[in-house]
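Chains A, B, C and D supply the protein sequences, listed in that same order.
Taking our numbering, I'd label the letters of the first sequence as residues 1 to 141.
Taking our numbering, I'd label the letters of the second sequence as residues 1 to 141.
Taking our numbering, I'd label the letters of the third sequence as residues 1 to 141.
Taking our numbering, I'd label the letters of the fourth sequence as residues 1 to 141.
If you are wondering where the hints come from, they were derived from the structure by calculation, not from laboratory data.
Treat the numbers as computed from the prediction; the structure is a model and nothing was measured.
For glycine and all other residues, C-beta sits at the position ideal for the given N, C-alpha and C.
Hints are not guaranteed to be accurate.
One side of the interface only, derived from the structure: several residues of chain D facing chain A at Cβ under 7 Å [claimed, not checked]:
1) Gly-14
2) Ala-35
3) Gly-36
4) Thr-39
5) Asp-43
6) Thr-62
7) Glu-64
8) Lys-66
9) Asn-68
10) Phe-69
Number of protein chains: 4
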Amino acid sequence: MSTLGAELTVVVQGGVEIRLPFSPNLTQRDGYLHAGAITAVLDLASGCAALTVAAGDKKILTVEFKVNFLAPDAGEVFAASAQVKKAGRTLTVCTADAFAVSDGREKVVATMLSTIMAVPITPAKKQTSVHSLALRRCVPT
Amino acid sequence: MSTLGAELTVVVQGGVEIRLPFSPNLTQRDGYLHAGAITAVLDLASGCAALTVAAGDKKILTVEFKVNFLAPDAGEVFAASAQVKKAGRTLTVCTADAFAVSDGREKVVATMLSTIMAVPITPAKKQTSVHSLALRRCVPT
Amino acid sequence: MSTLGAELTVVVQGGVEIRLPFSPNLTQRDGYLHAGAITAVLDLASGCAALTVAAGDKKILTVEFKVNFLAPDAGEVFAASAQVKKAGRTLTVCTADAFAVSDGREKVVATMLSTIMAVPITPAKKQTSVHSLALRRCVPT
Amino acid sequence: MSTLGAELTVVVQGGVEIRLPFSPNLTQRDGYLHAGAITAVLDLASGCAALTVAAGDKKILTVEFKVNFLAPDAGEVFAASAQVKKAGRTLTVCTADAFAVSDGREKVVATMLSTIMAVPITPAKKQTSVHSLALRRCVPT
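Okay, chain A solo, but in the shape it has when bound:
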């Protein structure tokens, strides 16, 4: 994520926001965000939101997600906002929206509904995994 310049701009219990600048790595020839990039950032935001409600000895895996692409759009900043819809012991359901931000105006470009699973961190990895997971998944290092 570091190479993309992503930033975790909001982290609350049950919700996160991620922002990153538009770059040629994220866009197609026409300047619009690539569906793969939109999906990856929506998945990342959803996973981070699920992590905020997971037990400390759990890591999270994406079981499945559905994405609707609503409108192509370009801008200066690309943001994804995810919220926990239901936190269960094993499964967490999240909703997330992706936005293109241009001149301070936000336009929704896609929406995701996902199912995320909390699984125990295996003992051998226990000491560092939560941290490394957080680093790997939620913090642009």
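Following the hints, put chains B, C and D in place on chain A, whose structure we already have.
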């Protein structure tokens, strides 16, 4: 719908709410709502929401939907609330939540993300179809 | 299911087929199958398929599903065929197709991709639950 | 795609297969394929499959998709196979599977169910767009 006692309790541009009493037709042996009943009412509410933003000479068809079942619950009243997320010329994307209402307290039992298509009403059916569609789909006659 | 005349026509490890005659309970005014009925039978077939690979002390719950409606069609018999795509310890993923059968010709009317969870049968219900679940969910009694 | 070394290994009416070697661009630290990479290649394969049944004056857009992640796996080659489930005038529904190939053995790692829309190529772009779309979307240039 009439036999179930459904009622269209809110209709605004881009959103509707449907409420109906719990009944043995909707529930399993344990008193919880049946997944099929939840899905049918979420689909109905989403279709009605899409209809509020469709052109007058169009009818709507469900292209696809995804439903996450969040929690089993029982109650006295079952409600579904749907909102248009994006209204396009051909395709409309809706989100909808289903609730079990008990002692005035609402609990979300399921959530839907759907894609709905607006198609021209064929000429021969034009005079009565919008009305009959509305009656058939959105009003418990 | 009994009132609809449903029949479990194929049961193998990881797959089932359900058939039922078209009836006014399943169809709209135009004779086409109702989306709610299609979804309910696809969900039922998927749950039964998941049950064929579940441990004996587990019952199954639908976590989520997505349905694409492919074509409206009428016929004499309505069938749903479900297959286990991946059987996990906790989660099972199934695909299922719904068909309208007319003059021996099958036409696909919808397809489902679902996530199903195996959960322990609670001790108090252990003696009868597998059986009653099977009866309730998979056998038209 | 060129930098990833992707190759369109099968193209038939209604189906395609894409293969590409595992590389650090596609994998996480553990050597498993990244969900974002899996999704992007499934979407690409589905779009190419839809293109094989689209009219020559149409380009395609992904409306929505659902992906289930079935198993993490590593290998030498990563493949995605997509089939058209239903080709309509406006909307095409595709299924696609992603595989990790190791020692000649294929293992399914994810499955997608998607809705793709055919839209007219705008006149100004008509002469080159089908070709450039094909190049951009389906051929690793």
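Right, here's what the structure says about each hint:
Look at D:Gly-14: its Cβ only gets to about 22 Å from chain A, farther than 7 Å, so that hint breaks. Hint status for D:Ala-35 relative to chain A: holds, with the closest Cβ pair at about 6 Å, below 7 Å. Below 7 Å, beta-carbon pairs count as interface contacts, and D:Gly-36 has one with chain A at about 3 Å; its hint therefore holds. Annotation: interface hint on D:Thr-39 holds; nearest CB of chain A at approximately 5 Å, less than 7 Å.
A distance limit of 7 Å between C-beta atoms decides the matter here; for D:Asp-43 the minimum to chain A is near 6 Å, and the interface restraint holds. This hint holds: D:Thr-62 has a C-beta 6 Å from the nearest C-beta of chain A, less than the 7 Å allowed. This hint holds: D:Glu-64 has a C-beta 4 Å from the nearest C-beta of chain A, less than the 7 Å allowed. Interface hint at D:Lys-66: satisfied, since its Cβ lies 4 Å from the closest Cβ of chain A, which is below the 7 Å cut-off.
Because the beta carbon of D:Asn-68 sits about 4 Å from the nearest beta carbon in chain A, less than 7 Å, this interface hint is met. The beta carbon of D:Phe-69 comes within 6 Å of a beta carbon in chain A, closer than 7 Å, and the hint placing it at the interface holds.
Violated hints amount to a single one, hint 1; each of the other numbered hints is respected by the structure.
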